[in-house]
Each structure stands twice: as C-alpha cells, then as structure tokens.
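Fit chains R, L and V with the ligands to the supplied structure of chain D, relying on the hints for placement.
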Amino acid sequence: MSKRIEDLTVTENHRLAEGFFVVKVSSSAGLPEILPGQFVQVLVTESPSTFLRRPISVHDVDYLSNTISLLIQVAGAGTERLSRLRNGETINLIYPLGNAFTLPVLGDKVLLAGGGCGMAPLLFLGRKIKESGIEPQFALGFRNRSRILEHEQFRDLGTVHLATEDGSEGHRGFITDIPAFRESKWDRVYCCGPEPMMKAVAALCLERDIFCEVSLENLMACGMGICLCCIVPTTSGNLCSCTDGPVFNIRDLKWQTSE
Amino acid sequence: MSKRIEDLTVTENHRLAEGFFVVKVSSSAGLPEILPGQFVQVLVTESPSTFLRRPISVHDVDYLSNTISLLIQVAGAGTERLSRLRNGETINLIYPLGNAFTLPVLGDKVLLAGGGCGMAPLLFLGRKIKESGIEPQFALGFRNRSRILEHEQFRDLGTVHLATEDGSEGHRGFITDIPAFRESKWDRVYCCGPEPMMKAVAALCLERDIFCEVSLENLMACGMGICLCCIVPTTSGNLCSCTDGPVFNIRDLKWQTSE
Amino acid sequence: MADLRIKIGSLELRNPVMLASGTCGYGAELEDLIDLTKLGAIVVKGTTLEPREGNPYPRMAETASGMLNAVGLQNKGIGYFEKHIYPKLAEYDTHVIVNVNGNTVEDYIELARRIDRLTAIPAIELNISCPNVKQGGMIFGTNPTSAREVIAAVRQAYSKTLIVKLSPNVTDITEFARISEEEGAEAVSLVNTLLGMAVDPKTMKPVLSTVTGGLSGPAIKPVALRMVWQAARAVKIPVIGMGGIMNGDDALEFIMAGATAVQIGTATFIEPRTALNAIISIDSLLAERNFDSVANIIGIINRI
Amino acid sequence: MADLRIKIGSLELRNPVMLASGTCGYGAELEDLIDLTKLGAIVVKGTTLEPREGNPYPRMAETASGMLNAVGLQNKGIGYFEKHIYPKLAEYDTHVIVNVNGNTVEDYIELARRIDRLTAIPAIELNISCPNVKQGGMIFGTNPTSAREVIAAVRQAYSKTLIVKLSPNVTDITEFARISEEEGAEAVSLVNTLLGMAVDPKTMKPVLSTVTGGLSGPAIKPVALRMVWQAARAVKIPVIGMGGIMNGDDALEFIMAGATAVQIGTATFIEPRTALNAIISIDSLLAERNFDSVANIIGIINRI
Ligand SMILES: Cc1cc2nc3c(=O)[nH]c(=O)nc-3n(C[C@H](O)[C@H](O)[C@H](O)COP(=O)(O)OP(=O)(O)OC[C@H]3O[C@@H](n4cnc5c(N)ncnc54)[C@H](O)[C@@H]3O)c2cc1C
Ligand SMILES: Cc1cc2nc3c(=O)[nH]c(=O)nc-3n(C[C@H](O)[C@H](O)[C@H](O)COP(=O)(O)OP(=O)(O)OC[C@H]3O[C@@H](n4cnc5c(N)ncnc54)[C@H](O)[C@@H]3O)c2cc1C
Ligand SMILES: Cc1cc2nc3c(=O)[nH]c(=O)nc-3n(C[C@H](O)[C@H](O)[C@H](O)COP(=O)(O)O)c2cc1C
Ligand SMILES: Cc1cc2nc3c(=O)[nH]c(=O)nc-3n(C[C@H](O)[C@H](O)[C@H](O)COP(=O)(O)O)c2cc1C
Ligand code: FES
Ligand code: FES
Chain D
1 MSKRIEDLTV TENHRLAEGF FVVKVSSSAG LPEILPGQFV QVLVTESPST
51 FLRRPISVHD VDYLSNTISL LIQVAGAGTE RLSRLRNGET INLIYPLGNA
101 FTLPVLGDKV LLAGGGCGMA PLLFLGRKIK ESGIEPQFAL GFRNRSRILE
151 HEQFRDLGTV HLATEDGSEG HRGFITDIPA FRESKWDRVY CCGPEPMMKA
201 VAALCLERDI FCEVSLENLM ACGMGICLCC IVPTTSGNLC SCTDGPVFNI
251 RDLKWQTSE
Chain R
1001 MSKRIEDLTV TENHRLAEGF FVVKVSSSAG LPEILPGQFV QVLVTESPST
1051 FLRRPISVHD VDYLSNTISL LIQVAGAGTE RLSRLRNGET INLIYPLGNA
1101 FTLPVLGDKV LLAGGGCGMA PLLFLGRKIK ESGIEPQFAL GFRNRSRILE
1151 HEQFRDLGTV HLATEDGSEG HRGFITDIPA FRESKWDRVY CCGPEPMMKA
1201 VAALCLERDI FCEVSLENLM ACGMGICLCC IVPTTSGNLC SCTDGPVFNI
1251 RDLKWQTSE
Chain L
2001 MADLRIKIGS LELRNPVMLA SGTCGYGAEL EDLIDLTKLG AIVVKGTTLE
2051 PREGNPYPRM AETASGMLNA VGLQNKGIGY FEKHIYPKLA EYDTHVIVNV
2101 NGNTVEDYIE LARRIDRLTA IPAIELNISC PNVKQGGMIF GTNPTSAREV
2151 IAAVRQAYSK TLIVKLSPNV TDITEFARIS EEEGAEAVSL VNTLLGMAVD
2201 PKTMKPVLST VTGGLSGPAI KPVALRMVWQ AARAVKIPVI GMGGIMNGDD
2251 ALEFIMAGAT AVQIGTATFI EPRTALNAII SIDSLLAERN FDSVANIIGI
2301 INRI
Chain V
3001 MADLRIKIGS LELRNPVMLA SGTCGYGAEL EDLIDLTKLG AIVVKGTTLE
3051 PREGNPYPRM AETASGMLNA VGLQNKGIGY FEKHIYPKLA EYDTHVIVNV
3101 NGNTVEDYIE LARRIDRLTA IPAIELNISC PNVKQGGMIF GTNPTSAREV
3151 IAAVRQAYSK TLIVKLSPNV TDITEFARIS EEEGAEAVSL VNTLLGMAVD
3201 PKTMKPVLST VTGGLSGPAI KPVALRMVWQ AARAVKIPVI GMGGIMNGDD
3251 ALEFIMAGAT AVQIGTATFI EPRTALNAII SIDSLLAERN FDSVANIIGI
3301 INRI
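Protein chains in written order, with this note's numbering: chain D, 1 to 259; chain R, 1001 to 1259; chain L, 2001 to 2304; chain V, 3001 to 3304.
So that you can see chain D by itself, here it is in the shape it has in the complex (with noise of 0.2 Å):
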C-alpha cells in the first residue's frame, strides 16, 4: 500500500473530555485508501520541544468529506500542541502507515477492548467490522465516572460494556472483570490500550485461546521502517512496530518488558 506526505486541513477540533480532543483533517487531494489500525505520522509545528513528528491513529475515515478523525490524548507538549489546532489550519501528515487489523469472517463473535486514546483505532475498525455484517462488542475502561470520554459513535455500532476502576459507572475494575468478557466465548478480541490494560486482556485471551490482536504504542523516530528504533522482539526477532506493526497478534509476542 502507497504511502504519501500531504498538508491536509482542519475542520473540526473537538474537545471530548479534559485532555481528549477529536481533530478532523481533510484532504483535498481524496483519502488513499486506509485500513482499521494504521496510523498517521504528524509534522507539530510551534512545539519548540516537539523535534520528531508523532504518530497517531487513524479514528476515524469519511470518505465523503475525505476526512480523517484523529483522537488526541494530551501527553506532553506535541499532543498539547495539536490539541490546539484550530478550523482551517494546515498539518502534513506521512500516512497511511503501518500494517492493519485481520478482520473477523461472518459468524465470528467480536469484542473491541479499550481504554482511554486506545479507544482510538477502534472505532474505525468497529465500523469496517459492522460494514463486514458483523456487529461488533466493545468493552472500554476507564479510570472513573468523569475520566469517560463520549462514546455515542461506539454504541451505533454495537453493544458497549463499560468498566470504570472505581465502580463510579459501569462494572467495577478493569475491562477484564466486566462479566460479558469473562463469560461470553469470543472468536476474536481486538485491543489497544495503556499497557498494562493490553497484557491482561492478551493473559484472558492466551488462556482462553481466543484470536487476540493488540496495537501496540511504541516509541517512533520515523514511523516508515527506516531507523529501526520501534522494535519488538518477537518469535521472529524483532520486527517493526511501524511496519510489522502496530497490529500484532499476541501469540507472536514475547511480551516487552520495559515499562
């Protein structure tokens, strides 16, 4: 699949919650056609300490307005920046990048697990699911009742179960304790999320021996397969988790140590 540079424009900047902003950018030259689970690499202007470009997932397609949705966590001063983005201001992205999710085949049983900006991919990956005929589940978690970012998208497309760590709203504890998870025989399970929250739903997934593909948030220098900074070891050696990547299937995963 043919990747491009190209100053796409902003038309809308959302603020979901505290912190969460949904940037749509639109092409003018027409989308390329981009899978669920790819990502984009942003040029950050104005960021004096913003020196690579940062890579961000593809949330969200419309090919009728060709326009991308981008959900941004701030995290530090290059998200804070496109945080900022305003109506009509340019960005240039590398896009698309990366490998994409395996969809399921019709019949299979699908739950979308995330949390926080790794609800992110999900949603476009959600909708190409439903496009397939599939109705899709989703499981997302957070922190607490005002840590929930909006997600009416999600329930257009299935049902949404929802844990927050406090109980607050939803079940009580991770989205590996809401009952539907635990209880239900999943063909396959999707999930992109804090770290943590990925490695117990790939422990559910491995014991349970349920087809499970994570997205993982590597760090990146260049996002093209070109510096080789992003690895993950792998049972095939280290491979790119900009290329290979970000999609793996957790089977093929000696599961990074780092924090």
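Rather than coming from a laboratory, the hints here were simulated on the basis of the structure.
Check the hints yourself; a few may be wrong.
[What the hints assert, rightly or not] Okay, derived cross-link-like pairs now, BS3-like style, lysine-lysine, Cα gap no bigger than 27 Å in a straight line:
hint, chain 1, residue 1, chain 2, residue 2
1, L, K2076, D, K254
2, D, K199, L, K2205
3, D, K254, L, K2134
4, V, K3007, V, K3038
5, R, K1185, R, K1109
6, V, K3007, V, K3088
7, L, K2202, V, K3038
8, R, K1199, V, K3202
9, L, K2205, V, K3236
[To be verified] Each pair of labels, with its calculated beta carbon distance range:
hint, chain 1, residue 1, chain 2, residue 2, range
10, L, K2083, D, D252, 22 to 28 Å
11, D, G237, L, D2003, 43 to 49 Å
12, V, S3284, D, H14, 33 to 39 Å
13, L, K2038, R, E1080, 29 to 35 Å
14, R, S1065, V, I3304, 53 to 59 Å
15, R, K1254, L, A2287, 37 to 43 Å
16, L, D2249, D, T45, 14 to 20 Å
17, D, D7, R, T1235, 52 to 58 Å
18, R, A1075, D, T45, 15 to 21 Å
19, R, S1168, L, D2003, 39 to 45 Å
20, D, G173, V, N3247, 34 to 40 Å
21, D, E18, L, K2083, 51 to 57 Å
22, R, D1187, D, D7, 55 to 61 Å
23, V, E3175, D, A77, 37 to 43 Å
[What the hints assert, rightly or not] If you want the ones that stay clear, here's a sample from chain L, every Cβ over 10 Å from chain D, calculated:
hint, residue
24, L2011
25, L2089
26, D2107
27, T2161
28, D2249
Every value quoted in this text rests on a predicted model; they were computed, and no experiment measured them.
Glycine residues also receive a C-beta, built at the ideal position from the N, C-alpha and C atoms.
Same frame as chain D, but now just chains R, L and V with the ligands:
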C-alpha cells in the same frame, strides 16, 4: 536603574505596512521608569528556531495605560512570531535595558534621523524631547513610496522630512541628502537605522562637528551584560552594546567594520 | 542549470546529496515519497557479517533539536543482503553504497571482499564509528592504531571506492582523516553520531536500554560542521559532510565549509523530501550567484 | 524540607546549584532579577593575569537549541579584579568561585597565588577548556600531559578548594577526570563548550570572527550528561555537571547521572530564574519521593 522580568499582556497589534507591526503590551504591575533609547528582551515562544530572547527597542511608553509600544520589523522566525501576537496573549520581557539617549538642553536645535525599524526608538525620544520644551525635527528615510511607514505620531511632535531612495516621495536619496539636514545648523543629531545610514549620518556630523548619538543593533545573547557577546570597539576598549549602549556618541566609536 | 556533478574517488555522482546510512533503510521504504533516482547516492543500512538483533527497546529518545538512537546495527547479515536485498538494489537507477561494520578486522575484510563482488555496488562506507555496539564500531574509530589497521586491511580487500566514516567522539578529527587518506581511502564521511545519553527523572533511570546512544539532528550541526571544516583542510581526498542537515541552507553550510558532498540523516524521518529540497537549494544558489558548478563553492569560506 | 547541602572538597554549599562562569558576569548584573544568596555558588567570569579585549565582533551565533560564543575571555585582568571587583564580591552572602585562565603554566600559578590571598574566595575553577583562545585554554585541557602539569602546579600554589573544568572536546573524558583527581583537584566541573562553527550561506563566510566557537545550551545536554556520567564513575571526587540545563528536570538528570552539583550557563540568558527554579525542583522531587537529602539521588541511575 533596576530591571525586572515580567509577563505583559498584548493589547494591540497594528500592521503598519508589509512586514512592519506595532505591538502594544501592558503591565499589570505598573511600568517602571523607562528612558528613551532603552530596549526590552522578549522571550519568543512557539518558534522552534528561536532560542535566545530578541532585543527590541522601546518605541513608545504610555504611563496612563501602563503600555509599551514595540515597532517590529519581520527579519526572521522570531520577529515573525512576534508579528503574530494576538490580543490577550502574554509575552515575557526583561526590561528596561541599556543606557539612554542624552537629552538636549533648552535652545538646542535637534534632528532625529532614522529609517525602517530604526525609527522605533525615535518616537519615544522625540516625545521626551518635546516634553522638555524643544520641538524636534525628524529625517526619515525609506526605499520608496510604498515602503514608507505611517508616521503621523512623529508629525505630531515636530516637522518630518522624508527621503526615498528613488525619489518617489520626499527628497530623492538618503536622509543625509535632505537639504534641511545638510543646510541647517543642528546642535544634536540622534540616529537609528541600518548601518550604512548610521555611518553616513555619523560621517556628516563628525565633519560638521555636530553632537551625534547612534543606537546600535549588535547581536545579543543576554542583553544584560553577562555574556560579553555584543561588544563595540570604542576609544575605551570593547564595550557592551547592551549595558554601555545601545546608544553611543559617535566620537567614542571605532566604527565596527564587520558587516 | 549549474553542474552539480561531483566525484568521490572514481565514482561520479549526479549531485552531492546522499541519504545517510541507518536513516533510509534500503531505499525502498521511501520510494512512495521521493524519487530516489534524483539523489546523488543512497548509503544503505549498516551491514555486518552475521545477522544482528541490535539492542533492546527502548532504542530512541528525543532530545532538544535532536535524537539519541541505540539501534546497534540491527540487520540480517551479509548473506541475506546478497541473496534478498542486493538483487533489488541492483535495479535502482541510483548509486547504492553499503555501510560496512565488523567486530574484528577479519570481519571487515570478509565483508569488503564479498561486497566487492557485487557489481552494482560502486563503493563502501567503512563504518568505524558506530557508538552503539560493544565490539568494533567506535573502538576502531577512536584509536588511531586500530583505525589505521582496519582501513589498510580493507583497502587491500576492496577494489572499488572506499569511504571511511569517522567518529566525532575524538579529540582531533584531522588525525583520523589523515590516517584514512594515508591508507588509501578515497573519501572520508563525517560525522557519525555523538555519544550522548538521557535520564528520565521520573523513573530515575537512563532512557535508553544501553544507557548511552548516538546523538544526531540539528543539535550536532555546529560540531559536525566544525569537524568537516577541519578535516577538509587537513586532507586532499573529498570529505562527505553530515550531521543535522535539515534543509538546503544547512547543506550549503557544509559544502562551503569544505564538504564535496553531504548526507541527510535524521531529517529524512521528519521530512523525507529534505534531500531533494537540498539539491534544489544548491542548484538555485549556484544559479543566483552565477557559479558554473558546485565545485566552485566547495570550501569557499576559506577563500573569501 | 530535604537537606540540599553538598560538599565540594572542604567547601560546603547550601544547595547544589551554581551559576556557570562567563554566563553570570560578576553576579551584580543579575541582582535585580534573582536573589543570589539563594544559590549554592556563583562562578564568576574567566579571569586572566593581564586584561584581555577578547575576540572581535561577531562573537555569537544562534544555533538549533543552542548558541556558539567566541568571547575569548574578555576581562580586565586580575589586578583590576583584586582592586575593584573583589571588594564587592566579598560582601555577598553567596560563595563566589573564580574561574582562572592562563596562557602558560606560570600564568596559572601566579593567578592561583593571588586569588589564594583573597579570603572571601573559597575556591577556584581552573579552566583548561576554553575553546576561544589561541594559547592556553583548551590546549591544556585536551592534552593529558599538559593537563597534568598545570593541575599539579596550581595545586601547589593554591591552598583552598581546587575545581578543574574539563573540556568535552576529547576522546576520553575519564582520562582527564582521573588526572585531575590524581593531581589533587577536589572536584571536576564539566562540560565546557563543544567546539563548533556556523557558516552564513548568504555571505559565504563563517558567522564568527574566529571561525570556530564554543557550543552551549540544550543542544549539548545529551553529550554533557554522558560525560558527567562517565566521569562520575571514574573518580571519587565530586563532579559538577553542566551543559544545556534549562530547568529542574535537566538538573535532576545530571544529579541522578552522578553530578554532586550543577551549573546553569546559557539558560540564564533566556530565563535568569532558571537556577532558582532548579533548586525548587530538586527540593520538590526529594520531598515527593521521601528522600532525606540530595546525596541520596546522586548517581541513583547506577543503583536502580
Ligand atoms: C502507532 C501509534 C499510535 C498512536 N495513536 C495515538 C492516538 O490515536 N492518540 C493519541 O493521543 N496518542 C497516540 N499515540 C501516542 C502518541 O504518539 C504519544 O502520546 C505522543 O507521541 C506524545 O507526544 P508528546 O509530544 O505529546 O509527549 P512527549 O513529551 O513526547 O511525551 C510525554 C510522555 O509520554 C511518553 N510517551 C510518548 N510517546 C509514547 C509512546 N509512543 N509510548 C509510550 N509512552 C510515550 C513519554 O515518554 C513522556 O513520558 C500513538 C502512538 C503510536 C506509536
Ligand atoms: C538594541 C536593539 C534594539 C532593536 N530594536 C528593534 C526594534 O525596535 N524593532 C525591530 O524590529 N528590531 C529591532 N532590533 C533587531 C531585532 O532584534 C532583530 O531583527 C531580531 O533579533 C531578529 O530576530 P529573528 O528571529 O526575527 O531573525 P533571525 O532569524 O534571528 O535573523 C534574521 C536575519 O537578521 C540578522 N540579524 C538578526 N539580529 C540582528 C541584529 N541585532 N543585527 C543585525 N542583524 C541581525 C540575522 O543575521 C539574519 O540574517 C533591535 C536589535 C537590538 C540589538
Ligand atoms: C536511527 C539511526 C541509525 C543509524 N545507523 C547508522 C548505521 O547503521 N551506520 C552508520 O554509519 N551510521 C548510522 N547512523 C548515523 C547517520 O548515518 C549519521 O551519521 C548521523 O545520524 C548524523 O547525521 P544526521 O544528524 O543528519 O542524522 C544512524 C543514525 C540514526 C539516527
Ligand atoms: C557566552 C559564554 C561565555 C563563557 N565564558 C566562560 C568562561 O569564561 N570560563 C569558563 O570556564 N566557561 C565559560 N563558558 C562556558 C560555560 O561556563 C559552560 O561551561 C557552558 O556554557 C555549558 O553550559 P550551558 O550549556 O549551561 O551554557 C561560557 C559560556 C558562554 C555561553
Ligand atoms: S519508527 Fe522508525 S522503523 Fe519504526
Ligand atoms: S548581550 Fe550579553 S553582554 Fe550584551
């Protein structure tokens, strides 16, 4: 005189001409005493290639509104960023810095000569001179008619003589070609502008034995006399342009030969 | 259009701008984004005799106007290169230079011999400056005796254009440039990365798995430029300059300071078109100033 | 409040943050903006035997996240210092350390002797690393034999705390740290500036009148930090770290990597309060993590 470091609030940003802006910033603490010829060191944010502060002359001071005006000419990334300051933004200044022009004594015939952003310190100087009971005259030079900057405020203080290099407005040539400059007997000439202009003015004044002070724009790292980068060779050795200057009597200068 | 051609030993390049080793993969990764045939050359990934997994994650840290890397020469080894990568590279209409790394002098010799047989590779860049490996690498590049030994040995083993890539982590760069020249290198390229490190004050640990790593990007440009200037005055062979070049003006600084050619490294991660933009900038400057050829401005700061 | 006191030889500082030589004048210039008595110490301007005019203008160039300077030790000489500057400094309730520079070993000895007599100066910083002078300076700091000679001589001539300021422009910083320790220095401070340069592609000339100058600022932080880490593991005397510290986190990186104290240089030009902010940051971190004393985190990255 005591200097301070303070966040001031932008209250106005007025475009004078292509690449020239007057930015007004106000102090909530109340302004200290500022002398004509002094400058501020501006911290430039959101400009990745701007590492050091930028020295900018005090263009005008209004103690009623506790406002300083800065006349900014876009020269590179730092001044470009300053030209985009929006009302309500804060900028951090270290000020007031440097020495000051020596004010004339009653009865003196006084000419203030400048061009481009070199006009900056002359407005405040002119105002102080006017307040002291002397009506200053101004000689302002520009490339051509379309490059002439607004100078209503100068006209309010005294007669303005214009020169343009191509003669499209005012006298043809440099400010030293203005008849009023060459023909009158000035007691004091104050000059700030591009180096060739200052050298021409200095030469004329030396020849005619006129008291003349120029304001130099040496490269500065600190603006406070602690780096020794901004030196000017003078008859008493290398002096700091930021503390011993930026205003120098031309008799003390061994005029810098570096371009 | 001015003449942009330059010569590195017997190798003629259509222009003086190359992609630096370790920052452009094998070229293919960038084909969607830039036309590789417009480049002077590409210097492909550091290659070793045996396959290497490189260093553990994390291998990267962003720093002020730069980055640290601790990749550690991850590559599939020369055997894989010959079989699976070389055939594709051989089809490129671009000069491909291979960056060569060993643990021992024997490794370097063996690699040089094998690459000598690959007809579509006109030159090697002998990397004696990788700061991210325990054996070989920078140890050769910071000790004059070892440097001389490995360069002389490779010169014997390799018949085509030999470029020696120097480490900036030395007291006197001219010493290593001179040794390279004396032992028959046809060019030196510099600088490789400066040895640096970063600490995460939250975890109270080094950021990189290897503690130290190689610093690249505009942060190092002033140091790189100084060393290129010094080296170019010390030797007659061409100097290939690099270190923090982000745009055409940066490339011109190196050429004016004495570099016959330049390499673009880290900039490609941020703006893959940097090398192409640099070619355009060099061409425009020559046209504006009425220079016939890029040769006219090489080292011009020493003349005006 | 945690215990921020540290010791450099027999000299006890109230906290580990100092202002670096050449970047804080004689302190007075900053008095309006910061309370100097809050600092661990200030290291005043490089002082020489004879007055010096320094290098011609331009002496400064901005670079990516850094700056080059070529001041060249402009100062009025030790005589003027003794008569006109020292009396004021003697009144400060802050430790004042004098940075000492010579063309010859004899210069250094003479200076050390004269400063030894100034009772209010508890320490000197022997600068063998100034890259901006033709004689002396970095020549002493990049040659092990000369370094040893000058340190030994000054040690003889000076009875109080002797700090040796090391040049980063060397292959192996630990060698110079060890020589300093062996010859009786009570601490080493590093790094001085990295030798760099800049070219103006418009004028096709070097930006600095001296062609090369000293690079400082956050650009050099990764290199400085690495050298501080290496030096601190090589010697038992305290290491005073500096190079690109812009805030409290940066200062903590140096301390965690092994520095007993830090100096703030270029940052003062941009934010004069940097040193004071760093003290607050160190204090907060210690409180948050329940450390009794700054001594607990010196070199902590080597332990966890
Ligand atoms: C493939 C991929 C997809 C991503 N998708 C999204 C997304 O859709 N939305 C989103 O908000 N973020 C996403 N991220 C994470 C995002 O790239 C980082 O948060 C961002 O780079 C931080 O930049 P910064 O300048 O804001 O913060 P920095 O100042 O660079 O970092 C702030 C803190 O976050 C840590 N950090 C930074 N990047 C990472 C990382 N990749 N992994 C772990 N820790 C990190 C730093 O160590 C530091 O402690 C993705 C990352 C990857 C690799
Ligand atoms: C005491 C003093 C007062 C000043 N007053 C004003 C003022 O009132 N209004 C105003 O617009 N400007 C003034 N300047 C000049 C202003 O400081 C510079 O234009 C500014 O620093 C340029 O920053 P930049 O990032 O925009 O451009 P940069 O990218 O830093 O520089 C752009 C170009 O301008 C050159 N340049 C930058 N600074 C100087 C300088 N000081 N002298 C000569 N060449 C320089 C650079 O070499 C480069 O070629 C003053 C300078 C001084 C020293
Ligand atoms: C991620 C990365 C990997 C590198 N790998 C190699 C390598 O394998 N061989 C080599 O000689 N240099 C390698 N380098 C050094 C670059 O080729 C170049 O010398 C250095 O980065 C300075 O140039 P720059 O500042 O333009 O990046 C690598 C640099 C980076 C950033
Ligand atoms: C303008 C300037 C002048 C300096 N003068 C001296 C000096 O006289 N003696 C000295 O030992 N170091 C001198 N230095 C080096 C600093 O003390 C410090 O070692 C260096 O700048 C690195 O720290 P920084 O990055 O925090 O600035 C000078 C640095 C600058 C920027
Ligand atoms: S981020 Fe560069 S190879 Fe993956
Ligand atoms: S600018 Fe630093 S002393 Fe004048």
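Violations among the numbered hints: Violated: none.
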